[in-house]
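Assemble chains W and V onto chain Y, guided by the hints.
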Amino acid sequence: MLSYIDKIRETSARLLKDCSVEMVIGFRKGTVPMMNEPHFAKTAEAVDKLVWDSNCGINLANYLTNRQEKIGIIAKGCDSRNIVTHIIENKIKREQLIIIGVPCSGMIDKRKINAMLDGEINDVVEDENNITVKGNDFEKILNKRDVLQQNCAVCIHRNPVIYDELVADLVEEQEGVDRYADVRSIEAMSSEEKWKYFDDLLSNCIRCYACRNACPLCYCPTCFVDESRPQWVGKSQDPTDVRTFHFLRAYHCAGRCTDCGACERACPVGINMRVFTKKLEKDCLELFGWEAGMSADVRPPLDTYKPGDPDDFIK
Amino acid sequence: MEHMGIEPGRLQFSWVSSAESTKFVEVVKEVTEAIKALGPNEHFLKTKAKVA
Amino acid sequence: MKIIKIDKKNWASGLEDLAGSYRLFGPAKEEEFHNFKALDQGVLPDLTCLNTRLSPKSLIYPQSEVMFEYSLDESQEDHHIMKEVDKDYSPRAVIGIRPCDVKAFLLVRKNFDSPEYRDPYWIRAYEATTFVGLACEAPCNTCFCTTAGCGPYHEEGLDLLLMDAGDNFLVKVITDKGEKLLADAGWDTEVNTDEAAKQIEAKKQAAEAKISSFVTADRLKEMDTVELYSAPFWEEVAFACINCGTCTYVCPTCWCFDIQDENRGRSGMRMRNWDSCMYPLFTLHGSGHNPRDTKIQRVRQRFMHKLKYYVEKYDNGIQCVGCGRCVRLCPVNIDIRRVCYMMNSYGTSDNTCAA
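Residue numbers (my numbering), protein chains in the order written: chain Y, 1 to 315; chain W, 1 to 52; chain V, 1 to 355.
Treat the hints as calculated values from the structure; they're not laboratory data. Do not take every clue at face value.
As the list claims (entries may be wrong) - Chain V side only, calculated, beta carbon under 7 Å to chain W, not exhaustive:
(1) S64
(2) E65
(3) A128
(4) E262
Claimed, not checked - Okay, the calculated bits of chain W under chain Y, using three or more residues with CB under 8 Å as the criterion:
(5) 11 to 20
(6) 41 to 47
Model, not experiment: these values are computed from the prediction. Cβ coordinates follow ideal geometry from the N, Cα and C atoms, glycine included.
Isolated chain Y, as found in the complex:
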């Protein structure tokens, strides 16, 4: 994906120069290995800072919410689906955007790579298929496919679904992927086992809300956990309150989540809270044949009523 960088800069510079957009939102090179920082360029000269590699896992749609200017935005598959969701939910207007589509081959999982190695990582270099990781006394070449973020490994929409420019030819979509093995294994548990599973999963949570804030879907002016009149949920580290936060957050993403993985990636203590949203995503697919963010012209299942909607749960 490194080859995209020139095209990204060239396109961004052109759009800024001819005043089609006032800013381009993309990434700049991070200050630590395997991290990049969301960044904007407002002049054609500033585009030289924009980069692209396998560390651009932050969902940039998050940076569009309620913006008023004309924006060029770099969008991989999941970003583009969240842009569609933003358009549907009136958080940005289609006319404001020039979407610079990036066919994606997946983002790498920093946590996984760290766990595979003993020492500290000083530098990470990548080419099309391999990731070379360097430390003080080691150098290891990893196959990129083995170190993808889990949501990228099971992604079936790597190409942007909506775009005005494209930085490269579309990539082949993954076929025959089993997207929901993890959800099925939870579904197969007894109630007690499920309860325990989520207790363990959330035991490290520090309620920093990075998962919520990294998510482009979470844009409420005041989140229910911050609301104090009435107060819906306690603010302490009490396990019931922590769980309430996580479950309700997930529910609010029902029919909207694109499994971009931003929440899990953002978590400082490595909680895979995607197991909540993925259950809802799976249900939406099975009950309504719905995948979020695929088209700006179709209303989502949870804000429409159809006589054929499944209602088996109502007695």
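Just chains W and V now, with coordinates in the frame of chain Y:
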């Protein structure tokens, strides 16, 4: 709710029109019986915050 | 100065002896990372840990802490009285804490133990604790302690400083509290101070030489607050920020909290929870007005507080010990080293950072 570990049956949905008083009574009876059979809820209860 | 040698063979038995008179805490690994935990009987602190994921500040200042409770149940003797909660302030010892994390307590102390206000919870917990530091031999590449007022062998705030010397630990005795802990553990092999001091000095210099990361903060104190506050770079700094509280919660020197009442039926409690200047709710007034309503204001507040207001108010350096946690854990890679550079060099021609 079941996915998060609440026992099946503790949460129930029904559609009862204001004209269906008999159905309403039946539903209330059924739900109460079902919940009593399940016994007291053990999860998602907070009597006092468990903190330091 | 007194230096003790502990044969590693006597390490576990000494800790066992200590467990009689102290509650012990130390780094423990859980799946992916280390955190400070209460050490159960016979469990040794994992001294291979470079740096814990979360800072040890919660040992003194828990994320959620009950302050008062009450009951309206008239069968109880002290009903209808808001009373302080009994807590265990018996002696505790933190084994294997890094010098930067201990220095952080001293910075935080400026807030919790000032001539005007003394926070009883923090002070009691702090005073009950003996800090047994572990010198860093292999600092992380995000550590910038040496330019943030401490270092891998820094002693300020410690009661004992432990150094790994192969089959032994060398222990530098810093306070009486530390001396007492050694006596309780039965570690009493004194060594030739001059020789050991030379050895320690050499190790210290080697460790400091390994620090590859730094901040420059020399101009911050003299700079004009309003100019810095109005600097144009805040837009760029704040852009990526998602306003989560990760940086503030993992930071050993962030001290802000919020007080909450939780009532149920006829009893209830008042507790305090960590809060974060990154959250809009942090500054929301009862009137509905919010003086820090936008993200850029909140991001600026965090950095201005750490790197400017604190520096000015206490004349005690920056409110940062260079542990690097926020650098490693920020979901969007906002780097305090880069921001510090931008602030420190503001108004000079050299205003682009390579950090």
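Quick rundown of the hints versus the structure:
{"no.": "1", "hint": "S64", "result": "holds (4 Å)"}
{"no.": "2", "hint": "E65", "result": "holds (5 Å)"}
{"no.": "3", "hint": "A128", "result": "violated (14 Å)"}
{"no.": "4", "hint": "E262", "result": "holds (6 Å)"}
{"no.": "5", "hint": "11 to 20", "result": "holds (count 4)"}
{"no.": "6", "hint": "41 to 47", "result": "holds (count 4)"}
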